[in-house]
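Q: Here are the chains, one letter per residue:
Protein chains: 2
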Amino acid sequence: MPKVSESDLSERRADILGAARLCFIAYGYDGATVSRLEKATGKSRGAIFHHFRNKETLFRAVAHRDMLRMTELASSRGMIGLIRYILEEPDLADWWSLRVEITRRIRSDALLRTSWEADQKALRQAVTARLTEQRESGRLRQDIDLETTIQLLELTLEGVMSHLDSDRVSDHLPAALDLVEQSLRSPDAVGDFDDTVTVTDTALVDADRQ
Amino acid sequence: MPKVSESDLSERRADILGAARLCFIAYGYDGATVSRLEKATGKSRGAIFHHFRNKETLFRAVAHRDMLRMTELASSRGMIGLIRYILEEPDLADWWSLRVEITRRIRSDALLRTSWEADQKALRQAVTARLTEQRESGRLRQDIDLETTIQLLELTLEGVMSHLDSDRVSDHLPAALDLVEQSLRSPDAVGDFDDTVTVTDTALVDADRQ
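As they're listed, the protein sequences go chains A and B. So the first sequence is residues 113 to 322, counted in our numbering. So the second sequence is residues 113 to 322, counted in our numbering.
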């Protein structure tokens, strides 16, 4: 057999992760049997478990990858920016199905719980860094505890994801997000309520700065 | 066999529903096998399916009962009042596990989808009636679309339930709820931010009025 380069290996790993992810979303952890994983990835069980020790390890890797992606987005766009992005990209709505599966699994998989909590911490750090910067620059209210600000943003993220998951996308979601944003903005930074450009261009949404 | 009175029947039905609910929460719909349902309810399959045609019917009845309870609470306490109540009663945190199961099941059970959508509509009507009253009495901002107000409250409810489900109860949740409440209150009704009594006594939380 020819030698396999590092980048080929990493690509195969990523292919397996992507296909296995859809399989876990479609069937749940228990329902994603090895045969279904083989079918979804187009690889034999031998090939799959060459890259990932077992199904538990594979699931943990899938969960970790989703959290990394979410943290990258929160870091570059801010939390409200991340939420608006999820609204605009319906493909991302299935994050929630995976999330529900993770929440179920952390009750019985201690390693998953540990890695998920570490990932949550990283997401929180990314969000904290961004919010701190925006408080210092006067765009966000400083009379609200930073932790409370983060808590409100996390509630909103999870509420939106859960809505998308049950197909309840409403025309009023963006306006509800505006309200959350306005409640966190410094009064000096508050523009006309009708001026949606102001709302999306300032405060938490700031994708261009990255 | 002695005759069974109507109220006995209704009580037995309620007992089965309560026990089956915990079984669905613990094992998920698929994992709640007939043997597990027998064990959970302490009744034979014959007795269970005397009251409910089959497992699907039983699950729909369990889902409907939870939504009725939620609508009653939203009607008497308002949506923020309902959310605070859920925070104070950790027993209710398992609502979310059932909700996740419902969301999964409505994809394959059309009757469940129909009844769940009707229940959601009833909840929304209860919330709308209360909010309309509070807008008219000047306690809530009228410059926000009513639908947007409801959307924000629904997002918040689902975010909180999802947080509780993954054991992430934080000390900052009540303060985050205050922020949501403040963002909806009429400026005339806004008190001192440090005055938490003002925050919980006015606006949406109004349990005493029922």
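Calculated directly from the structure, the hints in this document are not laboratory data. Heads up, a few of these hints could be off.
It does not matter which identical chain is used: a pair holds within one copy or between any two.
[What the hints assert, rightly or not] Distance condition first, Cα-Cα at most 20 Å in a straight line; then the derived SDA-like pairs of lysine to any residue: (1) 233 <-> 248; (2) 155 <-> 173; (3) 167 <-> 183; (4) 233 <-> 187; (5) 155 <-> 129; (6) 155 <-> 294; (7) 233 <-> 282; (8) 233 <-> 177; (9) 151 <-> 294; (10) 233 <-> 284; (11) 167 <-> 179; (12) 233 <-> 181; (13) 233 <-> 277; (14) 151 <-> 124; (15) 233 <-> 283; (16) 233 <-> 276; (17) 155 <-> 297; (18) 155 <-> 131; (19) 233 <-> 127; (20) 155 <-> 138.
Q: Could you tell me which of the hints above the structure violates, numbers in ascending order?
A: Going through the list in order, the structure violates hints 1, 3, 6, 9, 17, 19 and respects the others.
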